[in-house]
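Generate coordinates for the entire structure from the input sequences, incorporating the hints supplied.
Heads up: the sequence lines are chains A and B, in that order. Those letters in the first sequence? Residues -2 to 102, per this note's numbering, in order. Those letters in the second sequence? Residues 172 to 605, per this note's numbering, in order.
One should not assume that every hint holds.
FRET-style restraints, in silico, Cβ to Cβ [to be verified]:
| hint | chain 1 | residue 1 | chain 2 | residue 2 | range |
| --- | --- | --- | --- | --- | --- |
| 1 | A | 14 | B | 194 | 52 to 58 Å |
| 2 | A | 54 | B | 358 | 29 to 35 Å |
| 3 | B | 360 | A | 54 | 29 to 35 Å |
| 4 | A | 13 | B | 357 | 26 to 32 Å |
| 5 | A | 46 | B | 255 | 37 to 43 Å |
| 6 | B | 449 | A | 15 | 50 to 56 Å |
| 7 | A | 7 | B | 223 | 37 to 43 Å |
| 8 | B | 368 | A | 43 | 31 to 37 Å |
Don't read these hints as lab results, they were simulated from the structure. For glycine and all other residues, C-beta sits at the position ideal for the given N, C-alpha and C.
Below are the chains, spelled out letter by letter.
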Amino acid sequence: MTTGPRLRVNPIACDGRGLCAEVLPEMITLDDWGFPIICDAEVPPGLLDEAAEAVRLCPRLALRLDHGARAPAAPQPRGADQGQDHRLCPAAVPPDGMRSRYLRR
Amino acid sequence: MNTLDSGQHLVRGATPVQAGRFPRLLPERFGGEPASLEEHVTRYGQLPRGWDGRWREQLIAEVGRAGLTGRGGAGFPTARKLAAVAAGRDAPVVVANGTEGEPASAKDKVLLACAPHLVLDGAVLAADMLGARQAIVVVHDAVREVVDSAAAERRRARLDRVKVKVMTGADRFVGGEASALVNWVAHGIPLPTATPPRVSECGLLSRPTLVQNVETLAHLALIARWGARWFRSLGTTAEPGSMLVTVIGAVRQPGVREIEIGTPVNEVLGLAGGPAAPLGALLIGGYFGTWADPAVAGPLPFSAEGLSAVGGSPGAGLVAALPADVCGLAETARVARYLADESAGQCGPCVFGLGSIAGALADLAAARRYEPGRLRRWMAQTEGRGACHHPDGAVRMVRSALAVFGAEIDRHAQGWCCGRRPPGVLPVPLRRSP
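Structure (structure tokens):
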């Protein structure tokens, strides 16, 4: 079974520089301490360029794009009291015309 | 002495005089010297030996039928781990994990202090099963001498084909995590690495590495002697066998006991002399475990299935009884601070997340301030975001505390606290210099 490409971060290598969230805000947000929260969904085709750019720009080489070789990890069980006011995963598919500022330049 | 006869079937063995007797791992009487090799062989008989592929496959299959799971906390099926390591291309290495970095737990230390040869049997057997030439036994400093002299005794008797090396573990909470243990053995640095690859694929010297808790290895050594059916004669169908538990806190005789899996929690407390005071809460599993109301958790079977009713699991076998006159929030804050300090310091969300959570809990425990939304957001942003499961376990424990001590949180909001005594039921070592 093949799946689409997914973004993965190596949490040990990641230093929270935050460039990835600048390039790809559609799929990467920062937590309260500036470390990236990566959307676990497949990268939609319309965002592949930005995702590749985010991977290329990471100064710590902590971000990578997994090309669907293995099935994704099972989602972590969540506690009952979370997930109403703070979505860990921003919208995966950007509205039409909304592209990353970085690439539009 | 050395019975290297490949035809000897593992289950047949000599009819065990002791087989089925309980306790299986611990001595019948406490307080003696560690069992010598002679006493060990008298009690359990010789370890069955073999080396050919058929023997290995049969033994792995037997372990699978026995349903043995890891006793270090995660409860992973041992046969699956053995098969994964055996499937590797290179010759594997066996690492017996007796570091027991959890400050509240003592079961691995007690097992090693009482029956070092049973653990060494398991380590040597696992190495034989996997075709490994070396078994590295990493133990807590407190039992190093006992294990050293047991290993020397075996060398003198020329008992084992594989080389047994004894090491002292890093005295850190994360030191028992599989990849951290491999890094400790290889480089003297007890830091976890990112997975994949797992150590079962690429561990010590880039070889497939079996990292197995010492209690699991002791059970393995008994399954090799007496078979799966004997092993399954105790415990539940889903979780057969016995396990070691550490009971601490407000009980009359705190200490390590061996229980049949599925024994009700109240009976486990009874084995430790019963409650010494009215109980306010139980911490079950370990510092990555779950707080529970004693009235709710008391009748539950001590098994993954039974404890799931309170969101818990047997974990590393800890039962800590918190008396009603000690504030659970204060205990939780202390443990959360300890776990935050024990972060390996590699992953940002673990360092900052656990630190922030511990700070918020300290504020809550001291009735200074409490922002539930912020604390929940921090827990969500910390859980599942480290290279290892250290942040996940810590957050699980804190989350259960917020659920169980809800009434106490309200009291703290009004500036009151149930605590009549300072916290300190759960041991928290002083922070060592990094």
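Now the hints, each set against the structure:
1. Roughly 55 Å separates the CB atoms of residue 14/A and residue 194/B, a value that falls within the hinted 52 to 58 Å.
2. For the hinted restraint 29 to 35 Å between residue 54/A and residue 358/B, the CB-CB distance of approximately 31 Å keeps it satisfied.
3. For the hinted restraint 29 to 35 Å between residue 360/B and residue 54/A, the CB-CB distance of approximately 30 Å keeps it satisfied.
4. The hinted window of 26 to 32 Å between residue 13/A and residue 357/B holds, with their beta carbons roughly 28 Å apart.
5. Remark: the range hint 37 to 43 Å for residue 46/A to residue 255/B is upheld by a beta-carbon distance near 38 Å.
6. Judged by the Cβ atoms, the range 50 to 56 Å given for residue 449/B and residue 15/A holds: they are separated by roughly 51 Å.
7. A beta carbon spacing of about 41 Å between residue 7/A and residue 223/B agrees with the range 37 to 43 Å that was offered as a hint.
8. Taken as a hint, the range 31 to 37 Å holds for the pair residue 368/B and residue 43/A, whose Cβ atoms sit roughly 33 Å apart.
Comparing the model with each earlier hint shows no violations; every hint is respected.
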